[in-house]
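Asks: Fit chains B and C to the supplied structure of chain A, relying on the hints for placement.
Protein chains in written order, with our numbering: chain A, 20 to 339; chain B, 16 to 322; chain C, 55 to 388.
Simulated from the structure, these hints should not be mistaken for lab results.
Please note that a few of the clues may not be correct.
What the hints assert, rightly or not - Reference excerpt, derived from the structure (chain B facing chain C, CB under 8 Å, subset only):
1) P36
2) K211
3) Y213
4) E215
5) A216
6) Q218
7) V219
8) L220
9) A221
10) L222
11) R226
12) H231
13) P234
14) N235
The beta-carbon is built from N, C-alpha and C at its ideal position, and this holds for glycine as well.
If you want the building blocks of each chain, they are given just below.
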Amino acid sequence: MSALLEIEGLRTHFFTRAGVVKAVDDVSLRLERGRILGLVGESGSGKSMTGYSIMGLVDEPGRIVSGRIEVAGTDLATLDEPAWRRLRGNRVSMIFQDPMMTLNPVLRIDTQMVEAVRAHNNVSRREALDRCRAQLSRVGIASPDERLRAYPHQFSGGMRQRVAIAIALVNHPDLVIADEPTTALDVTIQGQILFEMQKLCRESGTGLIWITHDLSVVAGLADDVCVMYAGRIVESGTVDEVLDHPMHPYTRGLLDSIPGRNVPGRPLSQIPGMAPSPQDLDQGCAFRVRCPRAREDCRVAPATTRPTSQRTLRCGHPLP
Amino acid sequence: MRAVAPDDPPGPRAATGSESPWVRAAAEFAESRLALFGLALLALLTVAALAAPWISPQNPYDLAQLDIMDSQLPPGMHSESGKTYWLGTDDQGRDMLSAILYGLRISLTVGVTSTVCALVIGLALGLAAAYLGGWVDAAIMRLADIQLSFPAILIALILLAMLGQGVGKIIVALVTVQWAYYARTVRSSALVERQKEYLEAAQVLALPRSRIVFRHLLPNCLPPLIVVATVQVAHAISLEATLSFLGLGLPITEPSLGLLIANGFQYLLSGRYWISFYPGVALLLAIVAINLVADQLRDILNPRLKR
Amino acid sequence: MITSSLPLVELRSVSKRFSRPAGVAARIAHRLGASAPQGTVHAVEAVDLRVDQSEVVGLVGESGCGKSTLGRMVARILEPTSGERLWKGRPYEEYEHEAARSERLAIQMIFQDPYASLNPRMRVADIVGEAPVVHGLVSRAQRDEYVADTLGRVGLDPSIMRRFPHQFSGGQRSRIGIARALAVRPRFLVCDEAVAALDVSIQAQVLNLFIRLREELGLAYLFISHDLGVIRHVSDAVVVMYLGRVVESAPVAELYAHPNHPYTKALILEVPDVAARRRRYTPIRGEIPSPLAPPTGCHFHPRCPRAFERCRQEAPALREVAPGHASACHLNDS
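So that you can see chain A by itself, here it is in the shape it has in the complex (with noise of 0.2 Å):
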């Protein structure tokens, strides 16, 4: 059987009045039915850009430029405008840092998750209630009932991110994409949801790709991980072989500088300088002006290797 999600080279480039901004660079992926995949990366390693190319939602002036995004076999460069629609928010559907993005500000709970499962399902209102309510209470919405006739801004941000998650549900999507939803939330609502999230995905074999820049986060909520930097995926593997060996440089300087991992008080081990402008890439590997390992060859474009069956590694010079 075919994997849930395949991505095979996506080139995602913006072309701007400054240049071309390769947003996302030559990036594949693989995600199983059931699993949870973790995809880190810093701002402007092109993430999001990633998630968004998934669900077309890319705007001008950028573009996909070449490569092929397939979901359950279907090649989603074929399909044409009203497909793609039955495709959004049936079969994928996609939760957003800010809830507002999903949720309109002047329409009731109930209008909003009413139309979302009528517009892909040929049911009655009353039944269609019925979904709605039965989601809302599985993404741990007490009174549902009473929820359903608010509107957004009654809400706490954490309410809304679990109203908007649950609207993301409501068609029991088969793959749903997660942009930093917990980021602008407290810890403990974070804990929350994830809880949620983590359970809802094992029950009903929903896919999860979980856009982050938090390890720590996917430490404890993802099967798989993809490390992006600067448009490419630099390293990825399952979530045990990845943070407990890490082979990018960049990977382990990620890792080494959470504040957690230090002794108290004693400076953190960081990675210098910062993430260069995406408009100055060049084919080598965008790294190597801050990586310790870096050498002359670095310079080439390092090609991505497969140290074991279930991990890839773009780098020349990887930690043993």
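Replies: Quick look at chains B and C alone, frame taken from chain A:
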């Protein structure tokens, strides 16, 4: 103790020299050809208006230069004295081109002067309202509300009826109907800026209050104000034209564009269209040019449209 | 804890209430016998705090707990509604006169948003150099040299002086903000979520800068953050706030080893950890209540797994449970 070597060298993002926000705005402005065209047209009209005494064929205010025999000549006609009236003459035998250049001069002067005065007054009141708050804020803003709840033309008409005619008086009337827009705009952007952390930082640094207001708050409130001001110059010009057309603005001895249009209005149906038409075209060009510039300014100075 | 002479900063029962000014209609309604005007928020309620010379106190809590308000009261941006603020043992008010200006400047603040905290229309040289010149710390002629020196101290290349904030990355901007504070020679920095907006690798760089500055200049910090990992790394002592009140305070090692308050325990449990794989999240229930309508008694009781009747009625006082370790929980009485 001398510091160590920088561990954060100036990166690629900072490689573009020390371009100030204003220089950057100018570069973005130049991206629209239409706006550049508007700016060029506006510059041309301004130069023509300023240079009117030197470039116009005759001084339309000098009755001695007028020849009643040349009255109501169509465009392009030669007079008996050998002059060419490119845009024709009016009922007094006045060269229309000269009258338009002088009229434009008055219209632009009135528009720009009243806008600058209204801007300064509105800026001061709006900043005071935002920064002092409390009853000062309430008083200024209620006054602005009352002001804005009447049609501008009505207030201007009443004022002019009381004050009488004259360039100074029409400027007073225009300032009266315009200051409230600026006060409101400044107040709302000052309230937004006041929440920002750089102003809190200025407070923690114990900078004098006047310095915080004029060096920190004010420059950051200017962009939306510039947009409003550009649009308002066009409004002021057309309002002045309307008032003059109605006979309440400027005295007949110093005809602005509005008065020229009014002047030729009675001949419009008798085929002598040029007496009203060309001043009208000049007015239209001025206002279109200003609006083209204003549109682009709004686009580049609005943070919400920022790419 | 160190029993040194005088604390650098001390807060005694400081409170801050925000009330929305009642509109005309509301005031009339109030005259006519309607209940008291709504909308008073007790952002900070009777908080005591003490920071010693070159000590780092971490202030941790979730949104709405009043930690930023508290920091702004320490930094003189906000005035407390009641309570007393002391600098080197004397009330803040005694430093209002001209001669004490350097003492007032000794408390500076580092802000959260690296974009909004720098004036976009000023060059770096003005941002950093303005206050020292205004206050006569350096002459106008020496300004650029002084600014260059300060920029070097925070790890920036002095050649950036003529640039504007928009030309920098988040990490560089946050260094400029730190340089601006250092330029007036402070003794004490209030850091309000100073690294929250930065990427992980940049966050580590800026935290290291804070640690280095503390060693070089003997600075004390009030380090405000929602991130317990960051707090643990930089602090000597930690204060935990929930909905305007301090619920627990202790030396850092003690707090993480023996958290006493149920809220602190939950917070520490929720901290994501790279070592914990596919963990079962066991979240604490419920939402953070609105500070507009805080629960009665102990503010945490609706979410507390061990709440009992007394918690609903009576607010627990902060009491010492171990040397230097105070907690506000009724469970300690039984």
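Asks: Where does the structure disagree with the numbered hints, that is, which hint numbers, in rising order?
Replies: Violated hints: none; all satisfied.
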